[in-house]
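> For reference, the chains in residue letters:
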Amino acid sequence: MLSTFLAVIRRDLMLAFRQRMDVINTLVFFVVVVTIVPLGVGADPNLLRAIAPGVVWVAALLAAVLSLQRLFASDYQDGTLEQMLLAGEPLAVIVLGKVVAHWLVTGIPVTAISILLALMFDIDEDAAMTLCLSLAAGTPVLSFLGAVGASLTLSLRGAGVLISLLVLPLYIPVLILGAGAAEAVASGLDGTPYLLLLAALSLLAMVLTPWAIAAALRISVE
Amino acid sequence: MAAEGAGINWYKYSAPHTFYPLAGRLIPWFAGLALAFCLIGLYIGFFVAPTEARQGEAYRIIFIHVPAAWMSMFIYVVMAFWAALGLAFNTRLSSMMASALAPTGALMTFIALWTGALWGRPTWGTYWVWDARLTSELILLFLYFGFLALEAAIEDTRRADRACAVLALVGVVNVPIIYFSVKWWNTLHQGATISLESAPKMATTMFAGMGMLALGFWMYCIAAALHRVRSIILERERRADWVREVT
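Listed in order, the protein sequences are those of chains A and B. Taking the working numbering, the leading residue of the first sequence gets 11, the next gets one more, and so forth. Taking the working numbering, the leading residue of the second sequence gets 105, the next gets one more, and so forth.
No wet-lab data here; the hints were simulated from the structure. Here the structure is a predicted model, which is why all the values come from computation and not from measurement. Be aware that one or more of the hints could be misleading.
Some but not every residue of chain B turned toward chain A, in silico, with C-beta under 7 Å [stated by the list, open to error]:
| # | residue |
| --- | --- |
| 1 | F246 |
| 2 | G250 |
| 3 | A257 |
| 4 | R263 |
| 5 | R266 |
| 6 | A267 |
| 7 | V270 |
| 8 | N278 |
| 9 | I282 |
| 10 | W289 |
Using N, Cα and C, we set each Cβ at its ideal position, and we do this for glycine too.
Hey, can you work out the whole structure from these sequences and the hints?
So this is what it looks like as structure tokens:
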């Protein structure tokens with residue numbers, strides 16, 4: 011099972027590397043959304059410092075939602091997904107591999123870029139570090155819950171918007187905890203409880219969602 | 105098939121064509137109970153229950169707001185239950201019941217939000233407060249919309265039923281997580297000025313009025329769902345002979 015898992019990850023990473031623009035587009039979208047917020051609310055440094063964690067997290071949510079459609083779509087179109095359903099390996103393992111690959115390609119770059127964005131908002135170093143850690147701990151949930159949405163809406167007309175409608179309400183606890191972590195540190199409190207809870211949610215998602223995703227894939231592909 | 109001399113066949117009504125007439129017979133009873141309970145509850149709420157100490161007469165909207173909120177949450181769980189049964193046992197009627205409940209649940213959620221906003225204006229001076237419960241209720245409305253949207257987006261009914269069932273189950277697991285995280289968020293961000301107390305300290309009459317209306321709403325929701333499921337049955341089973349005889 012481990013070899014299947016690693017093979018799926020390697021395949022998805024290779025495919026993502028060949029289609030680099032898809033990945034880069036998502037990250038650029040993330041940066042653009044974060045950039046236009048100050049243009050909308052004004053450049054008051056105190057205001058920006060206060061809203062920075064929330065803005066970065068909301069942009070991360072939106073970028074995650076945008077990137078979800080391609081998680082299963084191309085495999086579905088060329089029939090690979092059907093082969094995965096028929097394979098002898100447990101579908102949950104294959105799904106786990108795909109979602110982990112998605113996180114490696116979306117979540118980790120978002121986490122890395124967030125440090126630069128934190129500079130743009132002039133939040134202090136501890137808060138910036140906490141923001142980065144919160145993204146690292148929280149983006150796996152985004153990938154896993156998002157994959158549930160992507161698998162349910164596979165090949166549907168208007169799937170892009172539908173995914174956001176289905177998945178964003180489920181993302182709300184992650185948003186609250188993630189933004190709360192950096193805000194707590196910025197106010198001088200300890201951010202560790204938030205980070206631990208985010209990590210707990212990630213582990214929970216990692217364990218429970220592959221079955222839901224596998225069930226949804228079987229339903230969608232028939 | 106029932107064994108010779110067996111007792112009640114519990115599964116008799118799990119087929120659409122037997123449930124359809126049963127639902128038709130039940131609807132007037134539930135509608136009547138709903139009307140009765142609502143009238144009694146409204147009478148108690150508006151004429152018997154005393155004026156509240158802090159909020160005056162404006163508090164009386166809780167007699168609508170709280171039962172609607174209770175029903176919105178209850179229906180979501182019931183909807184998830186039927187959807188799960190439909191997914192597990194592949195029974196058409198269970199999924200039809202889940203689909204029938206969703207709009208009623210969404211309506212209850214909307215009523216709870218709207219009456220909550222109307223309650224807020226005279227008491228806190230603002231229509232919307234990022235109170236934990238109101239915010240969670242809004243998120244619940246989005247969850248209902250997601251269910252309805254997914255159902256509408258998928259043309260094949262069986263795939264729609266099963267996909268919505270998975271969504272409902274994921275939602276039901278997430279609702280407690282969402283509620284507690286929003287509650288936590290609210291305690292962190294809440295300004296000191298606005299503090300939403302739960303319903304004011306309950307006089308017995310207030311509680312009685314609310315209980316009556318809660319029962320009334322419950323009966324209404326059952327009647328509405330049964331009525332809607334009859335339409336859904338007719339629509340989905342339209343090619344069956346018994347439907348042609350009925351319509």
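> Each hint: holds or not?
Against the structure, the hints come out as follows:
1. F246: 4 Å, holds
2. G250: Because about 4 Å separates B/G250 from the closest Cβ in chain A, which is inside the 7 Å limit, the hint holds.
3. A257: 5 Å, holds
4. R263: Holds, because the Cβ-Cβ distance from B/R263 to chain A comes to roughly 6 Å (cut-off 7 Å).
5. R266: 4 Å, holds
6. A267: 5 Å, holds
7. V270: 5 Å, holds
8. N278: It holds, given that the least Cβ distance between B/N278 and chain A is near 5 Å, below 7 Å.
9. I282: Check passed: Cβ of B/I282 comes within 6 Å of chain A, closer than 7 Å.
10. W289: Since chain A brings a Cβ to about 4 Å from B/W289, closer than 7 Å, the hint holds.
Hint check: no violations occur; every hint is consistent with the structure.
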